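Q: Protein sequences appear in the order of chains V and S.
The letter at position 79 of the first sequence is residue 79 when you use the working numbering, and the numbering goes up by one with no holes.
The letter at position 83 of the second sequence is residue 83 when you use the working numbering, and the numbering goes up by one with no holes.
Be careful, since some hints might not be right.
Just so you know, same-sequence chains aren't split out, so a pair can sit in one copy or run between any two.
[Claimed, not checked] Here are the simulated SDA-like cross-link-like pairs (lysine to any residue), alpha carbons at most 25 Å apart as the crow flies: (1) K232 to R176; (2) K344 to E133; (3) K54 to L354; (4) K22 to E227; (5) K229 to K293; (6) K329 to A91; (7) K54 to I308; (8) K211 to D180; (9) K293 to R28; (10) K131 to L315; (11) K178 to Y372; (12) K66 to D325; (13) K329 to E384; (14) K92 to I321; (15) K22 to E376; (16) K112 to K332; (17) K344 to D309; (18) K232 to G111; (19) K51 to N34.
Hints were generated in silico from the structure; no laboratory data involved.
Because the structure is a prediction, the values reported are computed rather than measured.
Number of protein chains: 2
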Amino acid sequence: MAKKKTAKKKKAAPAAAPKIVKVKPSKRDVRTLNQLTDMADSVVKSASRAKDPKLEIPTRSLSNVKFNKSKKIIEMGKNKTGRLLFNLNQAKSYMQTMLVGSGTKRLIDEGKTTSIRGLYYLLKHTIEGTKEETFGDQAESDPIIEDVEVLLNVLREEMHLYAQKKGDMVGNLVLRDKGDVIDCARMGSGGYGIPSIVEPDVLEFVKCDAKFVLHVEKGTVWQRFNEDKFWKKHNCILTHGGGQPSRGVRRLLNRLHNELGLPVYCVLDNDPWGYYIYSVIKQGSINLAYESKRMAIPDAKYLGIRAIDYERCNLSPSVQIALNDSDRKRAKQIAAYPWFEHKKSWQKEIQTMLSNGFKLEVEALISQGVSYVTEEYVPARLAERSWLD
Amino acid sequence: MAKKKTAKKKKAAPAAAPKIVKVKPSKRDVRTLNQLTDMADSVVKSASRAKDPKLEIPTRSLSNVKFNKSKKIIEMGKNKTGRLLFNLNQAKSYMQTMLVGSGTKRLIDEGKTTSIRGLYYLLKHTIEGTKEETFGDQAESDPIIEDVEVLLNVLREEMHLYAQKKGDMVGNLVLRDKGDVIDCARMGSGGYGIPSIVEPDVLEFVKCDAKFVLHVEKGTVWQRFNEDKFWKKHNCILTHGGGQPSRGVRRLLNRLHNELGLPVYCVLDNDPWGYYIYSVIKQGSINLAYESKRMAIPDAKYLGIRAIDYERCNLSPSVQIALNDSDRKRAKQIAAYPWFEHKKSWQKEIQTMLSNGFKLEVEALISQGVSYVTEEYVPARLAERSWLD
C-alpha cells in the first residue's frame, strides 16, 4: 500500500519532461532533418510575410494515382491539396501535421525508432486549457504520417517509424545488420527475421553468391522450401512475407533486385489475393503509390501457381476451392488494372481461373508428393523459363 | 497450346503414385512410429478376435479439463470417448483418424514435415467408386489431428506437423538449429525467427550466459527492446510471440525455463487479452490442455504492465483506452479461473483495471519517453522484484 500512496503523491506533481539525449545523425537522417526544418521554417516565413501558414500536400487519392508506362510502376500525380492553419476545417490537421513533424524530429534527434502506434502515443495529449486531444485515436495519426511522408518525400522508415515485423529469409547471402554479420546460409530452420527497417545504413549486403530470389507467399510454404534446402541446391535466396508482404520485405526484395541484380520469382496462391500480392510487389500499391519507386520491382516474375496447373500437374479434383462472388469480382478488377489490361498472358491466366471456377493454393501441390513443389514444380518452371511477367 | 494438350493427355492417365523415399528415423520418431503401429495393430487385433475395431480417444472438452493444483497446470481428465468403425455416426471419423495416422507415418518415413493445411491436402481425396471426400474442409481434419495427438500422447510437432512461424529471439544464447550454430547475440535488428518445431533433435542449446528470459507481447515492442540492446545490458534472452504466442514460442520458452533454469518474465498489455496470454504461457490453454506438460511454465512471472501503472508511472489521461462490455465480461471470466481465483494479487489486479475503467497498452509508456519502458520501467520492476505470480 505504501507504494500506491507514493504513486498518488507523484501524480499531483507535474509530469517531468522526458529526457532527450541527442545522438549524431546519419547521412540519411541529415536529409530528413533538413526537410523537417524546411517545413517548420515555412511557418516562420509565412508569418514574417504576414501570410497564412499553409502546407501543400500531394493528394493521396485514387484520382491522383497513375501507372507510369515507361517506368512500369504506380506513381502519384502532381495534384496537391492546401492545408491552412487559419481555416477552421483544416486547422486541426495542420497542427497534427506539425506535431508529427516534431515527433519525427525528436526520434531522429534521439537516434531511436518506434512504431506508428508508438508515435501516436508519443504525440497524444490533451491540449492545455482545453479538453481537446491532439489525436482522437490512431486512425487520425496514421494518415497524417502518410501526409508527412509525401510532403517531405521521405520513406516512413526514414522518419524512424517501423511496422510490425513479418517474413523470414535464408539463402546464399551474407549481410551486416547493425554491425552484426549474418550468414543467411547458416540460419537453420528458423531463418533470419526480416527487420522492418532495411535501409542501407542499417542493413548492408556483404557477400552474395545467390543467382536469384524465390519469394513465397506463406511461412508454411517457406518452411517446406527451407527444409528441402531448395536455396542451397538452386543457389538462391528464399523469402516469405507471411501473406501480403510488409514494407520491410518489399523494400528488401527491391534492394536485392536493384543493388545485387537478382531476378525475383514469386510463388503465390492461384487466387485473386495471390495475383494482387504479385501486383503490389511488381508495380506498387495504389494506397502507397508514393513509395513505388523504392518498393516496386517491375521485373518480378510470377512463377505460379497457375490456373493451368490443375491440368498441367494432374491435380486431384479434391484440391479445388470454388470461387465465390467476391473472388470473381476481385479477379475482374485485377484483370482491368492498367498494367494487366493489355497483357495477353495475364488476361488468359485470369480467364482460365474464372472458367475453371476454382482457386488453387500452393499447398494443393502436396497431393503429388510432400516435396513435389520444391523438387519438381519450381525447378521445372525455372528450367522452362515459364512464368508470367 | 501444345503444352496444354500434353497436360490434357496426361490427365487421362491415372495419377502416378507420389515417390516415397524412406529416411532413418530419429529416436523421437521411433517412439511416434511405434505408437502409430500400435494404433494400426489394434484394428487387426480386433478383427482377429471378431470384435468391432474401436478407438478410445481421451475427451477434449471443457468437462474433461481440470487444474492440477500441485503441478499448477491445466490437465485433461481421464474421460475417454469410444470411436467405432461399425457405427454409422462414427465410421467416417474413425476412418479419418486412421487416415491422419497413415499420413503422419508417411511424413515420418520420408523425414519431412508439413503444415496442418499441408496434411489436409495430402490426405484429401475422393473415395474410389463414390462421390465422398475423405475431408470436406480443413475444419474436419484439424480436430482429427488433435484426436491423434491425445490418442498417441505425442505433440503435434512429433507428428511432423508445423504451424505458421511466429515470433523472434535475440540474446545471450548460442544454439544449434539443424546443424547450423546460431549466436542470438549477433542477430542485428532482425533477430532469429523462432521455428515452429523446436524439439531437442532440431534445436539444441549450445551455450547460454543469459540469466533470464524477457518475453514481450508484440513485435513492435520487441524492436524497442532490441534497439536499446536491453538483452545485452541485462544479460538476458528477448522473445516475442506476435500476440498470442504460437506453440513453437511456448515450447521454446518452456525449454529455456526447464532445461536452462531461466526465469521467464512477461511484459504484456494491461487488458484481458494480456492477462489471457499470461495465463496460457503459465498454466496452458483449455483447448489444448493435453500439451500443458510440455508447454506451460507455472513459474512464469507477469512483470507488467499493471493497472496501478497509470498512477505509478504518472501516465497522461490521453493513454487510457476505455473498457467495453466484452472486456469487462472477459476480465471477470479470467478472475474466476481456478488458478487466479484464490490469488489475492490477481484479484486485486483485475479489480483495479475494472475500477480504473480503462486498459493500458505497453506502448502507452512511451508518453514518458521513447525508451522509458526499457531503461526505467522494466529495470525498476526487476530490481524491486515486483511482479504478479
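Q: Could you run down the list of hints and mark each one as holding or not?
A: Outcome of the hint check:
1. K232 to R176: both (21 Å within a copy, 19 Å between copies)
2. K344 to E133: neither (53 Å within a copy, 36 Å between copies)
3. K54 to L354: Classified as neither: same-chain Cα gap 50 Å, cross-chain 45 Å, threshold 25 Å.
4. K22 to E227: Only across copies: K22 and E227 sit 16 Å apart there, 45 Å inside one copy, limit 25 Å.
5. K229 to K293: Neither. Shortest intra-copy (33 Å) and inter-copy (33 Å) distances fail the 25 Å Cα cut-off.
6. K329 to A91: The answer is neither: 40 Å in one copy and 40 Å across copies each exceed 25 Å.
7. K54 to I308: Neither, since 55 Å and 43 Å both go past 25 Å.
8. K211 to D180: Result: close both inside a copy and across copies, 24 Å intra and 22 Å inter.
9. K293 to R28: within (17 Å within a copy, 50 Å between copies)
10. K131 to L315: between (63 Å within a copy, 17 Å between copies)
11. K178 to Y372: between (38 Å within a copy, 22 Å between copies)
12. K66 to D325: neither (28 Å within a copy, 45 Å between copies)
13. K329 to E384: Neither. Shortest intra-copy (32 Å) and inter-copy (59 Å) distances fail the 25 Å Cα cut-off.
14. K92 to I321: The answer is between: 22 Å across copies meets 25 Å, while 49 Å in one copy does not.
15. K22 to E376: So K22 and E376 pass the 25 Å test across copies only (18 Å; inside, 55 Å).
16. K112 to K332: neither (44 Å within a copy, 39 Å between copies)
17. K344 to D309: Within one copy, since 18 Å is at most 25 Å while 61 Å is not.
18. K232 to G111: between (38 Å within a copy, 18 Å between copies)
19. K51 to N34: within (23 Å within a copy, 84 Å between copies)
Going down the numbered hints, you'll see the structure goes against 2, 3, 5, 6, 7, 12, 13 and 16, while the others check out.
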